[in-house]
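So the protein lines, in turn, are chains Y, V and H.
Using our numbering, read the first sequence as starting at 1 and increasing by one per residue.
Using our numbering, read the second sequence as starting at 1 and increasing by one per residue.
Using our numbering, read the third sequence as starting at 1 and increasing by one per residue.
Please note that the accuracy of each hint is not assured.
[Said to hold, decoys possible] Straight-line alpha carbon distances no greater than 25 Å define the calculated SDA-like cross-link-like pairs of lysine to any residue that follow: (1) H/43 x Y/69; (2) H/278 x V/215; (3) H/43 x V/230; (4) H/9 x H/20; (5) H/55 x V/286; (6) V/298 x V/286; (7) H/55 x V/51; (8) H/201 x H/231; (9) Y/48 x H/268; (10) Y/72 x H/236; (11) Y/67 x H/231; (12) V/252 x V/230; (13) V/46 x H/43.
Derived by calculation from the structure, the hints in this document are not laboratory data.
The lines below spell out each chain.
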Amino acid sequence: MTTVQAAAEGGGEVVEADNGKFRVVVITERCKECGICISVCPTKVLVKGPKANSRGYRYPIPEHIEKCIGCKMCEWSCPDFAIFVERVGGR
Amino acid sequence: MARVEFINANLAIAEGVMAAGLRFFAGYPITPTSDLFEYLAVELPKRGGVVIQFEDEIASINAVIGASWGGAPAMTATSGPGFSLMLEGLSFAIMTETPLLLAYIMRADPSTGVPTKSTQADVFQARYGAHGNYEIPALVPWSAQEAYELGAKALWVAERLRVPTILLSDATLAHTFERVEFVPVRRAERKKPRVPPEEYRPYEPEDDLVPPMASFGEGYNVMVESLTHDERGYYAPTNEAHRRLIWRLVEKVRRNWRLIHDTKTYYMDDAEVAIYAYGSTARAAYAAVKELRREGLKVGLVRPTALWPFIDEDLKRAVGGARRVFVVENNIGLMYKEVARALRDKEVVSAPLIDLELPTPDQIIEVVKEWRR
Amino acid sequence: MEAVRRLRKHPLDGLLRPERLPHLWCPGCGLGIALGAILRAVKRRIEEGYLQREKTAFIGGIGCSARASLYVDFDSAHTVHGRAIPFATGLKAVRPDMKVIVIGGDGDIAGIGGNHLMHAARRNIDLLVIMMNNMVYAMTGGQLAPTTPTGLYTTTTPYGNPERPINVVKLVATMGANYVARAAVTHPPLIERYVYKALGKKGFAFIEVISTCPEVFGRHIGMRDAVDLLNALRERVVVKQRPHIDESYYEWEGGKFVLGEYVDKDDPSYLERIGVIKG
Numbered sequence: 001m002t003t004v005q006a007a008a009e010g011g012g013e014v015v016e017a018d019n020g021k022f023r024v025v026v027i028t029e030r031c032k033e034c035g036i037c038i039s040v041c042p043t044k045v046l047v048k049g050p051k052a053n054s055r056g057y058r059y060p061i062p063e064h065i066e067k068c069i070g071c072k073m074c075e076w077s078c079p080d081f082a083i084f085v086e087r088v089g090g091r
Numbered sequence: 001m002a003r004v005e006f007i008n009a010n011l012a013i014a015e016g017v018m019a020a021g022l023r024f025f026a027g028y029p030i031t032p033t034s035d036l037f038e039y040l041a042v043e044l045p046k047r048g049g050v051v052i053q054f055e056d057e058i059a060s061i062n063a064v065i066g067a068s069w070g071g072a073p074a075m076t077a078t079s080g081p082g083f084s085l086m087l088e089g090l091s092f093a094i095m096t097e098t099p100l101l102l103a104y105i106m107r108a109d110p111s112t113g114v115p116t117k118s119t120q121a122d123v124f125q126a127r128y129g130a131h132g133n134y135e136i137p138a139l140v141p142w143s144a145q146e147a148y149e150l151g152a153k154a155l156w157v158a159e160r161l162r163v164p165t166i167l168l169s170d171a172t173l174a175h176t177f178e179r180v181e182f183v184p185v186r187r188a189e190r191k192k193p194r195v196p197p198e199e200y201r202p203y204e205p206e207d208d209l210v211p212p213m214a215s216f217g218e219g220y221n222v223m224v225e226s227l228t229h230d231e232r233g234y235y236a237p238t239n240e241a242h243r244r245l246i247w248r249l250v251e252k253v254r255r256n257w258r259l260i261h262d263t264k265t266y267y268m269d270d271a272e273v274a275i276y277a278y279g280s281t282a283r284a285a286y287a288a289v290k291e292l293r294r295e296g297l298k299v300g301l302v303r304p305t306a307l308w309p310f311i312d313e314d315l316k317r318a319v320g321g322a323r324r325v326f327v328v329e330n331n332i333g334l335m336y337k338e339v340a341r342a343l344r345d346k347e348v349v350s351a352p353l354i355d356l357e358l359p360t361p362d363q364i365i366e367v368v369k370e371w372r373r
Numbered sequence: 001m002e003a004v005r006r007l008r009k010h011p012l013d014g015l016l017r018p019e020r021l022p023h024l025w026c027p028g029c030g031l032g033i034a035l036g037a038i039l040r041a042v043k044r045r046i047e048e049g050y051l052q053r054e055k056t057a058f059i060g061g062i063g064c065s066a067r068a069s070l071y072v073d074f075d076s077a078h079t080v081h082g083r084a085i086p087f088a089t090g091l092k093a094v095r096p097d098m099k100v101i102v103i104g105g106d107g108d109i110a111g112i113g114g115n116h117l118m119h120a121a122r123r124n125i126d127l128l129v130i131m132m133n134n135m136v137y138a139m140t141g142g143q144l145a146p147t148t149p150t151g152l153y154t155t156t157t158p159y160g161n162p163e164r165p166i167n168v169v170k171l172v173a174t175m176g177a178n179y180v181a182r183a184a185v186t187h188p189p190l191i192e193r194y195v196y197k198a199l200g201k202k203g204f205a206f207i208e209v210i211s212t213c214p215e216v217f218g219r220h221i222g223m224r225d226a227v228d229l230l231n232a233l234r235e236r237v238v239v240k241q242r243p244h245i246d247e248s249y250y251e252w253e254g255g256k257f258v259l260g261e262y263v264d265k266d267d268p269s270y271l272e273r274i275g276v277i278k279g
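All chains should be modelled from the sequences, with the hints used to inform the complete structure.
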């Protein structure tokens, strides 16, 4: 697993990881720590991360990215447009 | 020569606004306004416009606001009870700087009152009926001919200044059939953006304090915002942004008053006494002035064609050297308060003559003569 | 750990005003889930060439749900409480080439705006109205909504709601709308599918989205945690292919929220009837 930081559209940072097939990207400043993404993931890729964003919310990290199957339930269920899943290497 | 018809003021308004380019009407039936609505329901679709009867006046004015953002010169018409329901929407139109025309055909007095008869009770309702700090124009015709002309002008003012504008007529005019000549009128047009969408800000004014207006569907991604907003239309709950917006909304109308006002004077050149009257009551006042002149009294008539915004300097110019001013109106003496304030150095007399038909010239002559003693 | 500067863009950022994010909705609020699903449907329609972005408008009234119009980068309006549907009707009447979408809450659409909803459905005016139903007045702090289930506590019914909730799905169906569906934030792809479908309809299309408000609704019923409330709703929803309209009534205690497409027909729309668009 690699966790990198990158600039997100509209400012802020992202935390991301990929497993060679899918990349999970968390736009940390948008997260409000509701926990929905963690709860809906069928393979338990996400865990609450150790760090908080500038508003004090502890955003999730794709700790177990190797399990990601690209179903996008986290992306579709996130109320804050703070997480999304991309296919890797498709381009 | 332009077409001439024998019609009442309601139908004259309809003809005037169509000549100025009206494209949408929404309304709810109410006496004494419905014939205006019915006339447009027949005529406007023939000219490519849309007329919809809504479930109430609340929906009507909000539909007019939506149509206006769709780029269409748009209006509604109502009388007192319906206007009360429209005030929430009117306030929204003020805040979002939405051009619209509201033909307000006054009828008599609180609640249901006398629906088929008129007083001039709603002049302050037209000014400040809605919530919040604001100024909006209210034009006031005294004849069917002027209803045609001011109807067109009010729609033009609304579009030119991006402001909801009231045409304040009454039941007496609505029921008076007269000769109306359909003279040429100015087409109502709003200022359009002169910058590309990425630079456009929907509430950024030009020097005249009026922001150019992009309509929906033109690619500008405009934001219509009822909250206090900045020039982009984004909520801005700060004193600085709020004051800037509110003062501009008010000053936009006050500073551009010359586009709105055209105060008429009759026999005022040498007048020592002036009668201030507006709307249908000014008809009786005019007859009274002519009669008093025949009796040798130096009296004249000052007749505003717009009550609001109230412009002191315009009134002072019209009244000129007259020492005494009678404010004759078909209500409890409402405009008197403004006139007396503006003309502090003169003797201003209130003549509130409540009459369901119209104050007669004799009633007005009696008032003036009583004060000669 | 390797530091890389790279632009990452949420797939919906192009349809949002990212500079206004994070939005004002509380942590775990279902409204953002619903807005995401709605935008995915709009995006699919745009990518297919059916919709044009500059000819799509979002209209909201007042309330948490109505704030959706502030975050989407389209022609949009944040109007008066309850009056989004009349605004949208006027707009659509003069711009029949535009797709006009109303997003509002249950209080906005079915409470103060209920009369407009009823008549818009009866008129079969060509609009898509999406009502987010979180069963409470959320922005004002948790008061009774016309959709609050019987018995539940709100700040203005502190002894329990003595009223029955309005069944908006049945109301709109009775009034003759061309399309009526109910979805829930527990099933975002279902919201996307119904919105996609509704965007292709003429006449009045209505989608109720059962949403979750952990901050006030959840707190009142002892379920403040967003995940708990979402799961509690998940236990209560049932998806059916073509439910009968009599299955649309809901209650919270031991109740079921039947999701599905209740009405799908093609009666002549208002704009067709007045000749503004062709049938």
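Do the hints match the structure? See the list:
no., hint, result
1, H/43 x Y/69, "holds, 23 Å"
2, H/278 x V/215, "holds, 24 Å"
3, H/43 x V/230, "violated, 29 Å"
4, H/9 x H/20, "holds, 15 Å"
5, H/55 x V/286, "violated, 54 Å"
6, V/298 x V/286, "holds, 13 Å"
7, H/55 x V/51, "holds, 22 Å"
8, H/201 x H/231, "violated, 32 Å"
9, Y/48 x H/268, "violated, 52 Å"
10, Y/72 x H/236, "holds, 23 Å"
11, Y/67 x H/231, "holds, 23 Å"
12, V/252 x V/230, "holds, 16 Å"
13, V/46 x H/43, "violated, 38 Å"
Hint violations for this structure: numbers 3, 5, 8, 9, 13, all remaining hints satisfied.
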